[in-house]
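**Q** Spelled out from the first residue to the last, the chains are:
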Amino acid sequence: MSAIVTARGLGKQYRRRWALQDCSLEVPVGRVTGLVGPNGAGKTTLLSLMVGILTPTVGTIEVCGGRPAADASQLAKVGFVAQDTPTYAGLTVADHLRLGAHLNPRWDDAAAHRRVERLGLDPHQKAGQLSGGQRAQLALTLGLAKRPELLILDEPVASLDPLARREFLQVLMEAVAEDEISVLLSSHVVSDLERVCDHVVVLVDSQVRVAGDVEELLATHHRLSGPRREPSTLPADQQVVWASHTDRQSTYVVRTRSPILDPAWSVSALGLEDLVLAYMEGPASVTPASTGLEVLR
Amino acid sequence: MIWLTWRQCRTQFIAVYGLVAAACVWLAVTGPALARLARRNENVYDLLTSNDRLLFNGGIAVLAVAPAVIGIFWGAPLVARELETGTYRLAWNQSVTRGRWLAVKLGFAVLSTAVAVGILTLAITWWAQPIDGATGSQRGSLASRLTPISFAMRGIVPVGYAVFALLLGTLIGLLVRRSVPAMALTLAVYVVVQIAVPLWVRPHLVPATTTSMVISHSTLDGIGLDGSGTLTITTHAERGDWVLSNETVDAQGRAAALPSWFSSCLPPPPAAGQPNGKAAVSQDHGTLDACLARLTDEGFRQRVVYQPRDHFWPLQWAETGLYLAASVVLGGLSFWWTRRRLS
Chain A
1 MSAIVTARGL GKQYRRRWAL QDCSLEVPVG RVTGLVGPNG AGKTTLLSLM
51 VGILTPTVGT IEVCGGRPAA DASQLAKVGF VAQDTPTYAG LTVADHLRLG
101 AHLNPRWDDA AAHRRVERLG LDPHQKAGQL SGGQRAQLAL TLGLAKRPEL
151 LILDEPVASL DPLARREFLQ VLMEAVAEDE ISVLLSSHVV SDLERVCDHV
201 VVLVDSQVRV AGDVEELLAT HHRLSGPRRE PSTLPADQQV VWASHTDRQS
251 TYVVRTRSPI LDPAWSVSAL GLEDLVLAYM EGPASVTPAS TGLEVLR
Chain B
1 MIWLTWRQCR TQFIAVYGLV AAACVWLAVT GPALARLARR NENVYDLLTS
51 NDRLLFNGGI AVLAVAPAVI GIFWGAPLVA RELETGTYRL AWNQSVTRGR
101 WLAVKLGFAV LSTAVAVGIL TLAITWWAQP IDGATGSQRG SLASRLTPIS
151 FAMRGIVPVG YAVFALLLGT LIGLLVRRSV PAMALTLAVY VVVQIAVPLW
201 VRPHLVPATT TSMVISHSTL DGIGLDGSGT LTITTHAERG DWVLSNETVD
251 AQGRAAALPS WFSSCLPPPP AAGQPNGKAA VSQDHGTLDA CLARLTDEGF
301 RQRVVYQPRD HFWPLQWAET GLYLAASVVL GGLSFWWTRR RLS
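From first to last, the protein sequence lines stand for chains A and B.
Using the working numbering, the first residue of the first sequence is number 1, and each one after it goes up by one.
Using the working numbering, the first residue of the second sequence is number 1, and each one after it goes up by one.
These are computed hints drawn from the structure, not numbers from a lab.
Each hint should be verified, as a subset may be incorrect.
As the list claims (entries may be wrong) - Derived, one-sided and incomplete: chain B residues facing chain A with beta-carbon distance under 8 Å:
| hint | residue |
| --- | --- |
| 1 | L4 |
| 2 | T5 |
| 3 | W6 |
| 4 | L83 |
| 5 | G86 |
Don't be surprised by glycine CBs; every beta carbon is placed ideally from N, CA and C.
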């Protein structure tokens, strides 16, 4: 796997608080990667470091083979749709396209106008009067028309209604199919990512809990439920991701490449959302309060 | 980047230049008549209409607030608004580095400001030249161009002020990251600077002239009581000079209080409305002369420290240079902060 983003021991400190600490990860080239994690996991900080809006306090980060925002040519390689998709409220849609054309050497003006037309945006309307969905689409159009090698989107659909979400992601997927660019998008809503991503990175407390191709992850994770068992009795090749116990029953989410042979388990597949949630909660799950509390590692 | 800057600033640009143009038209219409009037008449002040005086004082007022207004409404939001609304995240991810982004924004704003204020100052200086410092034959006068209030609104210093105010606003905007507090803070700092400079800095920008003179009836301007009840003497200064200090010194050349005999020597001032007040003054005239002669004999002189009229341009250049140097520092800090700290 060749990486378009490589971070090593990355940390960012604001005054006394660390927003991101000792984070190492890779984002594969030519894929649509979803960065998932709970609020406060450091997703926005990490993405801001990738586009060079922030500079790391410690550690190194390399994007498209260079230091983020080092110079104009480096900036041209990375597109960014920031959180809440900021646009100039006083400028019209057409102004934004001119802005992009003036400021980006690889700007694809024809494609940008085509996209705006297809979205049904009025070029003479001020960006401040657009709906949230339209504004997000405009920001996406700017990011795509720049023709970057890597497009980074920070919670692009968080503030959109379900219909606008679907439309936004659809436009994004079409564009990715056309242009063959690498995409990294963050979200705390897994169901958004399930439709578009083929690679997932789960970030909790600055740490990568799991990273991998969606298909491979789904094929190697299983939910096991059956009579109560201690995790130490599980086969060595089954890595416990998540566990929950009642007095009589145990439920595990395990990762393994080999088939589950034990007939005592009833085995079921996991969706991406369950899988991600299992990693977010971690193996130290707690049983319901009344039934003999037992925390397992 | 230039296009974007123009697109973002064009409203301010048009507003500023529209106002400057309107002011210039008004001055151009009334100016030539004023110049003719001044050429023909000695006591031009007596001939001024109230409109002329309004324009004169109004011109001073406009130029006094113009740099502050520009600094506040143009400088402070220049970057603060982008930080506040989050649009910097859009701007900084186009294929233009942050340094260039700020350079073009600042360059455009500084240039337009300097030219606008330059034109306005030039027009008002030209208009007011015939009547700067004009005094009436009876009473009333207009400020001469070296007095602190008028000095700041003539020549080239307003350009320095405006550029300074703009860059001050930009830097404060960068640090505060919000437009409205940045505006208030810019105004506060600018006002403090504008008060501090004429009080403590401007008198020393160009070495002042010091003269010592004999106190006599011909040089005496007035005798007064200061706040603590001691008598003080002031002597005449040339019209148009900016007097920094006017004090009595003893034979050793040290600043000294008037000797104790002086107040008893003086004739009592004529009471207002006294029927024979006139006679009393002329009679006491001799007494005053005798007092002053005794002062001179005892070695007392009057020392006047002042900036003579012809220091106007050296002072203008020096102060403009000072403000522009401060502006360069502020601009440098803004760049450093944008590149290194704003992340």
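**Q** If a hint holds in the structure, say so; if it does not, say that too.
**A** To see whether the hints hold, each was checked on the structure:
no.	hint	result
1	L4	holds, 5 Å
2	T5	violated, 10 Å
3	W6	violated, 10 Å
4	L83	violated, 11 Å
5	G86	holds, 4 Å
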